[in-house]
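Starting from the given sequences, assemble the full structure and let the hints guide the process.
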Amino acid sequence: MKDEQLISQLKNRDRDALKSVYDDYRSEFFKFAHRYQKTGVDLEDIFQDALIALYENAQAGKLDHLKSSVKTYLFSIGKFMLFKRFRDTKEIITDEAYIFDQKEKAVIEDVYHDPGPDEYQKRLVSNFKKLGEKCREILELFYLKGLKIEEIMTVQGYENKNVVKSQKSRCLKSLKDLIKRQDG
Amino acid sequence: MDKEELINRYFENTLDEAGLKELERLYQSDPDFAAELDFEKELQGALKTNERQELREMFREKRDAERAAPSKVVRLRPWLMAASIVFLVGISAWLLFFNSTGIDTEALYNTHFSPYENVVHPIERGEQLEDLKTKAFTAYEEGDYALALSLFKDLQDKSNDDYIKFYEAIALMQLNKHSDAVALLETYIRSDGELKNRAEWYLALSYLRLDQVDKSTSLLKNVADHNGFKAKEARKLLEELD
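Residue numbers (the working numbering), protein chains in the order written: chain A, 1 to 184; chain B, 1001 to 1242.
Here are the simulated DSS-like pairs of lysine-lysine, each with C-alpha atoms no more than 25 Å apart in a straight line:
#  : chain 1 : residue 1 : chain 2 : residue 2
1  : B       : K1048     : A       : K84
2  : A       : K165      : B       : K1048
3  : A       : K173      : B       : K1041
4  : A       : K161      : A       : K11
5  : A       : K105      : A       : K148
6  : B       : K1041     : A       : K161
7  : A       : K180      : B       : K1041
8  : B       : K1165     : A       : K31
9  : A       : K165      : B       : K1041
10 : A       : K180      : B       : K1048
11 : A       : K129      : B       : K1062
12 : A       : K161      : A       : K145
Heads up, incomplete: computed chain A residues facing chain B, CB under 7 Å, no partners named:
#  : residue
13 : K31
14 : G116
15 : P117
16 : Q121
17 : V125
18 : Y143
19 : L144
20 : K148
21 : I149
Honestly, the hints are just simulated from the structure, not real lab data. Note that CB positions come from ideal geometry on N, CA and C, so glycine has one too.
Structure representation (structure tokens):
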């Protein structure tokens, strides 16, 4: 698969595309990671976290004008995480030396340190899933994919920005009502 | 800018300095505004961490499925096997035409080599990968030979199991480190290890890959005479080398 095609699929939150990245680079990543870390560790976890950070940064548009390959980008994330995990690891100069900006780094750190949803977050999500499809879509585009109100208007074919804004706030209100009902 | 717009712009990352100051001021002075901003931040955090968990789950299921049915993957791709046969036939034909005097030891090696299966340390699927030996053989079975190799080395330091040398050698062969593999296999054979006949077959292949055809043939004759592991294939390879 061509990198441009892959990036646009990742931007569209295509999970199958992410699976194909997993297949394409897993064993190579393990060999690569091995240069930094000799003892058996959970490279699998690091590889998966790197894939998730790749996925999120692609959605944030950070790969739109990527000068390196997706592989280099992915392996650079992995390297960043390996150094976080093993502070004593010696720096080795490699091709995988992508320079991330602050936001990309923040995403990588965030994924790396993410302990998974707590009870409150689980409850929020389970109520979120009870919302209608339109609501879930608009909120996911805004909070997860990071689209602006104006971009949502274009993508979803709303008449104007105000329709998007009021739709969004209606959806938030429904969500709060669902949570209240559950609490009550 | 109304309060709603202010919050939207905060998430869009399009607030200028004045906007951020206004947001901060309202957050401190207006409890409703603060509650709204917090709620949306919490929602965003929850959706993100949830999606990450779903993705990790997806990878885990994928991994489990692959582990449960490794042979299925091969069976699903008959075209791949057909393609490799065509490829090999093509290579041999090419060799006959252009290279008929020498022996292409690399092609022969590739035709006959397949890693020895893990028969010494069966791995229970789904079991926690705690001990070093399980980790090593899991890496081996999954084809992470670089990882397997270093784990085998760690294991060697800690246990007396001779067969580790044998598997270490196969991993070395997969990583194209044939001289190292030869040294290990020779030691293993000298010590009369349990898998000695198998080791001879692999040693023959490593010699072949190193273009030491004489050493390879004498080992292959051994393997063929034994009538056991790979005897038939050894005879075939001897014919091809002749």
